[in-house]
Structures are given as C-alpha cells and as structure tokens.
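J.: Residues per chain, in single letters:
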Amino acid sequence: MSRLTKLISLAALLVAPSMATAAEVNVVSWGGAYTESQKLGYGDPYQEMSGVQVNWIDYSGGLSEIKAQVESGAITWDIIDVYARDTIIGCDEGLFVEFDFDNDFPAGVNGMKASDDFFAPMPSDCAVGNILYSWNYAYNTDNVNFDGSYPDSMEDFFNPDKYPGVRSIYSSAMSNLEFALVADGVPASDVYDYMEDNGIDRALDKLTDLCTNPNGGCIFWSAGAQPPEQLVSGEAIMATGWNGRHFNAIVNEGSPMKMVWDGQILDYEYFVLVKGGPNQEEAMKALQYFTSSEGLAGSAKHIAYAPFRISSLDVIMADEPWFYSEQAGAVEIMPHMPTAPANTENYVLMNPEWYADNNTEINDAWEAWKANL
Amino acid sequence: MTAEIRTSDGELLSVKLKKVERRRRTTAFLLAAPLLFFIVFAYVIPIFQMLGRSIDNAEMNSFLTETHEVMQTWDGSEMPGEDVTSTFYYELKTAVENKYHGKIATRLNYEKGGFTSLIKKTSRKLKNFDENANFLDQFIDVHKKWGDIEYWLALKRGTDAYHFRKYLTTFDYEQKFDGSIERIPEKLRINVTLWLRTIFVAVGVTFCCFILAYPISHLLSVLPTRYSNLLMICVLLPFWTSLLVRTSSWMVLLQKQGVLNDTLVSLGFVADESRLELMYNMTGTFIAMTQILLPFMVLPLYSVMKTISPSLMRAATSMGATPFHAFRKIYFPLTYAGISAGSILVFVLAIGYYITPALVGGAKGILISNRIAYHMQQSLDWSLATAMATVLLIAVLVVYWLYNKIVGIDNMRLG
Chain H
0 MSRLTKLISL
10 AALLVAPSMA
20 TAAEVNVVSW
30 GGAYTESQKL
40 GYGDPYQEMS
50 GVQVNWIDYS
60 GGLSEIKAQV
70 ESGAITWDII
80 DVYARDTIIG
90 CDEGLFVEFD
100 FDNDFPAGVN
110 GMKASDDFFA
120 PMPSDCAVGN
130 ILYSWNYAYN
140 TDNVNFDGSY
150 PDSMEDFFNP
160 DKYPGVRSIY
170 SSAMSNLEFA
180 LVADGVPASD
190 VYDYMEDNGI
200 DRALDKLTDL
210 CTNPNGGCIF
220 WSAGAQPPEQ
230 LVSGEAIMAT
240 GWNGRHFNAI
250 VNEGSPMKMV
260 WDGQILDYEY
270 FVLVKGGPNQ
280 EEAMKALQYF
290 TSSEGLAGSA
300 KHIAYAPFRI
310 SSLDVIMADE
320 PWFYSEQAGA
330 VEIMPHMPTA
340 PANTENYVLM
350 NPEWYADNNT
360 EINDAWEAWK
370 ANL
Chain B
0 MTAEIRTSDG
10 ELLSVKLKKV
20 ERRRRTTAFL
30 LAAPLLFFIV
40 FAYVIPIFQM
50 LGRSIDNAEM
60 NSFLTETHEV
70 MQTWDGSEMP
80 GEDVTSTFYY
90 ELKTAVENKY
100 HGKIATRLNY
110 EKGGFTSLIK
120 KTSRKLKNFD
130 ENANFLDQFI
140 DVHKKWGDIE
150 YWLALKRGTD
160 AYHFRKYLTT
170 FDYEQKFDGS
180 IERIPEKLRI
190 NVTLWLRTIF
200 VAVGVTFCCF
210 ILAYPISHLL
220 SVLPTRYSNL
230 LMICVLLPFW
240 TSLLVRTSSW
250 MVLLQKQGVL
260 NDTLVSLGFV
270 ADESRLELMY
280 NMTGTFIAMT
290 QILLPFMVLP
300 LYSVMKTISP
310 SLMRAATSMG
320 ATPFHAFRKI
330 YFPLTYAGIS
340 AGSILVFVLA
350 IGYYITPALV
360 GGAKGILISN
370 RIAYHMQQSL
380 DWSLATAMAT
390 VLLIAVLVVY
400 WLYNKIVGID
410 NMRLG
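Protein sequence lines, in the order shown, are assigned to chains H and B.
Residues 0 to 372 (numbering that gives the first Met the number 0) are what the first sequence spells out, left to right.
Residues 0 to 414 (numbering that gives the first Met the number 0) are what the second sequence spells out, left to right.
Since the hints were made in silico from the structure, they are not lab data.
Think of the CB as a built atom: it goes at the ideal place given N, C-alpha and C, for glycine as much as any other residue.
All the pointers check out, no bait thrown in.
Sample of chain B residues at the chain H side, in silico, Cβ under 8 Å: (1) Y99; (2) T105; (3) Y109; (4) T115; (5) L187; (6) K255; (7) G361; (8) A362; (9) Q377.
Here are the computed lysine-lysine pairs in the DSS-like style, where the Cα-Cα straight-line distance is at most 30 Å: (10) B:K255 to H:K257; (11) B:K119 to H:K274; (12) B:K126 to B:K98; (13) H:K66 to B:K119; (14) B:K92 to H:K274; (15) H:K112 to B:K98; (16) B:K98 to B:K111; (17) B:K175 to B:K143; (18) H:K274 to B:K124; (19) H:K161 to B:K363; (20) H:K274 to B:K98; (21) B:K102 to H:K274; (22) B:K98 to H:K284; (23) H:K274 to B:K111; (24) B:K255 to H:K161; (25) H:K66 to B:K124; (26) B:K120 to H:K274.
Taking beta-carbon pairs under 10 Å as the criterion, some of the chain B residues facing chain H (in silico): (27) H100; (28) G112; (29) I183; (30) I189; (31) Q256; (32) G257; (33) Q376; (34) S378.
Turn these sequences into a full structure, and let the hints steer you where they fit.
T.: Shown next as structure tokens:
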C-alpha cells in the first residue's frame, strides 16, 4: 500500500464516526452541577434512546450571544436554558420559536394535558418550564466569627454588626433588590408592590449600608459555582446563591455549609427553542423528551431543583429516596426542594414581568450603584 | 547631455529606469496586497460598520417611517392630533402582523423607560380598536401612559434616522425633551467616574511598570549573554502564558486564604484575623495588571539600553560626575525613546483592559471597557456600547498622535 492510500484510509477512518452521528442537538445551559444534572437526568438518556447526540454548552445567561448569532446569520445553538425575563424579551424580539403548548408538549404521566400539568402558566409563548429553583443564602458553619449563634433570617444577612464578615452577592440587580427589601421589613409577598414605590432606592440604600459597613463588605459572584467556592475558601462569610449549588456543595462535596431559607426567592427556569437553529426539528423532539414527566424528574435525581411538572413530583415520590450521588449515596430529595413546606414559610415569588418592563431603569440604577460603591 | 544616455536596446535610460522601478513597486504591492485586503475587510470595515451603530437608528426609522414623518409637523406642546395617532396605529398594526413590534418596544425603552410594557400591552389590544373612533382616546384606554405627552415625544425622537444622544450618555449627560442638555441625576451617574478611574489605572499601571522594568532592563542589558538570556526567558515566560491562566493564578495567590496571606500569617507578619485584603479592590487590579503588562515595558527599554555604549558613562565619571549625576545627565536621557515606547504600549493596552480588573478587582475593578462589554452583552444597547468604544478609540488615537508629535513614531523600538 502506498503512503498516499494509507493516508487516505486513515483520513476516512477519522471522518467516518463523525458522519455516523450527524444528528445532534446543541443545548446551552448554566454549567457546573446544574448542567451535570440535566445531562445525566435527560440528556444522556435521550441520546441513548434516540441516537441523537446532545451537546452541552455553558454560558452565563443573557441574550447577547444568541442575538449576535442571529444577527450574523450563524446560529449554532438549538435550545437555551433561560430566565423567565429573557423568554419574554427574546420572544418579543422574535429570537425564539412560539409554541402551540398542548400540541407541542406531551401530557403528563398522570394524564393531565401539558398546560395543566405545569405548576404555573408560561411567561411567554416561547417558554417551556424546566425547574423551580430558589435564590437563598448559605454560610460557612466553621467560621469562628459566629460565636455559637447562627444566622437564620434574611435580616441576619444584612446585619454585619451581629455577624461580621464579607458577603458575596449576585453581580446583577436580580435577587439583591428583593433580599434587601425583605431584610428592611417589607413583607415578602408584597416586595414588587414596594418596588414601584421608590423601592429600588430603598433596597440600594440597604445594600449600601451592608457593603460599606467596615464589619461587612460585599464581593460579587456571576457564575453559580462561585458562592460555594467563596464560602469554602473563606473569601466570604455568607453568600447568596442557587439552592441546588449550595446543596451540591453540602451533599456531594461535604462542605461545612448551611442554607437559610427565610426570605428565599422562588423562581422558575425555562427552555426556549431558537428560531432557525441548526437542528430545529431534532431539537424540538429532544425538548419534548426533556420536559416530559420522566425527563424533568430525571434531573432532580442529581440536583435539588424541583421539576416544573406536577406529575414529575409523583414520579419522584413514588420512588424516594430519589436523589443519588456516589459521594452521598441515596438521599430523600423532597425535603430539600425549594418548594418543600419547611422552606417556604417566608418567600418571594419572582416577578419576571417587572424585570422585563423595567429592565433599563433597574440596570442603570444598579450599575451606577455598584460603580460608585 | 544626460538625456542622451540610452540602454543597449535603444531606450532612454531614464524611461527604462522608471519602468523597472514601477515593476518593482507593483510586485511589492502585490506581495503586500493579501495582507492589505485582509486588514481592510476583516478589520477596518467591520470596525467602522460597528462604530456607525453609535449614531445609526435607521432600522427603527424604517419600522415607523410614516409616523416619524407625520410627527415632524407636531410641535410637541400639546397632545398629538389624530393624524399622528392614526398613522401610528396602522404602522404598529403592520409591526404586530410582521412580528417586529418587540424590537420597537426594546428600542423605545432606551428612550424612555416603561415603553416595553406599553407597546406590548397596546399590541395585544390592537385588534379591539375601532378604526372609526378617536385613536388617542383608545390608546389611553389601553394604557394610561399614552396620556403622558412624554411618551409621544420619546416616540418622535426615538424614530429619528440617526442621532448623537448616545455620546451624551457616554459622559452622563442627557437631552431633555425640550432640547436642553443636562447632567443625569447624581445617583445614576456612572460613566464619568469610570472614565476617570480607567485613566487613573492606566497611568498608575504604566508608572508601576516603568519603576519595575527600568532596573530589570538595565540588568538585562549589562549582564553577560548567558545570564541575560536566562533572565530574558524569565521575563518572557509569563508573556507566553494565557492571560486567563495568569489572572486566575493571581487570584489563587492574592485571596484571603491564598498563598501570599498564608505565608505572611505563618511568618507572623500578619495576624490571622486581619489578613490583608489584596483582591477585589484597587490593589489587586494594580498588582495583576502590572505583572501582565510588564514585558511590554521591559522589551522596548532593553532594546534601547542595549545600544547605549558603557563608555559614555565611564567618560562622564572620568570627567568628575558622580554616578548619580552621570546617570541623570547621560544614561537616563538616552533611554527616553525606550521609556516612551514602553509607556505608550502599556498605557494603550491598559486603557482597554477588562477581564483582569473584573476578575481580581471586584466592584472597584469595573473600568470603562467593562461598561462597553456590559452594554454589548447584558443590556444589549449596542448603540451606547459603540459610542463608548468610539470615544475610547479616539482617546487612544489622541495619545498616539501626541506620542508621534513629541517623540516620533520612528523612534519606537520593540526589541
């Protein structure tokens, strides 16, 4: 065999496998423990079942990247995991496919049609529910500064004189404004009514008190994996974050952390289908599986986020302990859900409409506040 | 007589020479042409296209062309008449049918907050409109904001084909609806602070680099080759490492439980409770940026110092100058070219930095480039982002122009 034919056959060998798995779907999500739960929960099972390769891509939120892809005509993303606010904005701008909900998505295992099986109505026609998660805060239990008394309310987070140390908070306004108002004495259920009435200034003043207090101080996180890291490294003494990430650090990594659920913000997360994506048809099929009763229940096997479908909870409860990891073994997951009764004694329900409508003012005020800190 | 000189094939020598010269020039141009085209198409044109966005509002204008035209006759002193409201109704109806009303809402929201919900709600209710009744009343029935004249004024100027208001925002000014230009409320001011901070950091980092690089470069230039090569590799090694890796390494070193603090605590210089705050503040920004940009100062300084003959200093001292005096009068002035080249390089790079300060600087590390990135990626106000980028580009060009005026760009040597 001449050298040339060898080379050609080698090239053919290399190309062949990539041709065999031509069908693929690119799913974009938030990375870390969360993407891992999605991959294990419904990505891999779907790939095995259908033969369609599911690729997971990390991002840190926002519509800029997909907007840039659409504008340049080179769309590479099919499915994106987004905040409710972004489903509204993106749907308005025509970036995402609008669903015919009950026809596009299968009924639950309990027989309820899709639109009844999901906990809450979708914020826009382009959204299909994925999880319910919580913004809460956690602290490092090993920390010496606590002197035997541990924080147990949102007020404690904003009280650096009682619990001295640096706080880590989210780098955007989202969650911080709500937490500040709750700590300032606003009833959690009325937070957004107060926002309309000079609430942003009030919240920012409260945050200024915390961040400029010599006993306090603030650092900012932008990726979900950061808060547990900062708590463990001692960079921050308390950190707001997503309950699933805190849970992962506590259960899987054995970090000395505890979550405080008082004043938590209950929020929904959604999938959207990109209009004109590279594999739109395959992606739609994948999405149908991801958001089926079993699919959504699957991700809860690996992270403490509640599935958006009521019927998924039935699947989980029928088979507790549902959560499983190598480090922690089998764990009953229901008490760790953001929706568990013990965790919802005092909570804020996220209002994405308010964010979508007042996006510019909120961000301008927040960014100016942060820069002048 | 000279005109009579001819080549062997009978041509005039001067003509022949010119021909040869022209051929040579054409060849040179053709060789450089691919690069030139590449730069023009992949660099210059996209940049100007992008910069054009800072004033370009043509898309918005095309969505509501007729409304915009009709509105030119409306002076804005009282609520708009039916000519305006009916035109707007029909154009919005087309927008809803073709699904670009979302874009209209987003763009108008930059002009005045609250437009997103206003347009959305109106679009949903548009099909209930009675086309024979008063349009303004029906708009107000849908949403009371339509009764506020400011929304109509915002609609009028929001549909201009181009405007320069984003440049006002760049410096924390705004144009009121009556045309007057005022500073924005104090709580919302951000950009001027960041411009000043950016310049402060860039100048500071340049200075720190200079202080650190001068002795190193001098040492490099006087050491025997085998030692200086080793030292040069030490300078260049971090230069070859990815920026993100170096930034993350600094985070490991500088954080509260990091290597540096741990060492200081174990040596007893610092108490465990009062570990130094080296990160998420200005200190971190300065340390990391200085280290990262140091090679850009060392290389030009070294290349200039290498050419200074040691005999000059010997001559000065032999004529009675103290070492300090000789350094000040002879050596230092000879390194001006290196200092200026290094400074301009470091300054220009520092003024556009944003990943490093954002990672190690925390809230205090937000510079103007972070703002540009923020408007590109988060707020999606690309016009504002490009307006800021244009100002930054002009600032850099001014620095370059000054450098050329004072030192001359021919004197720049990089190694």
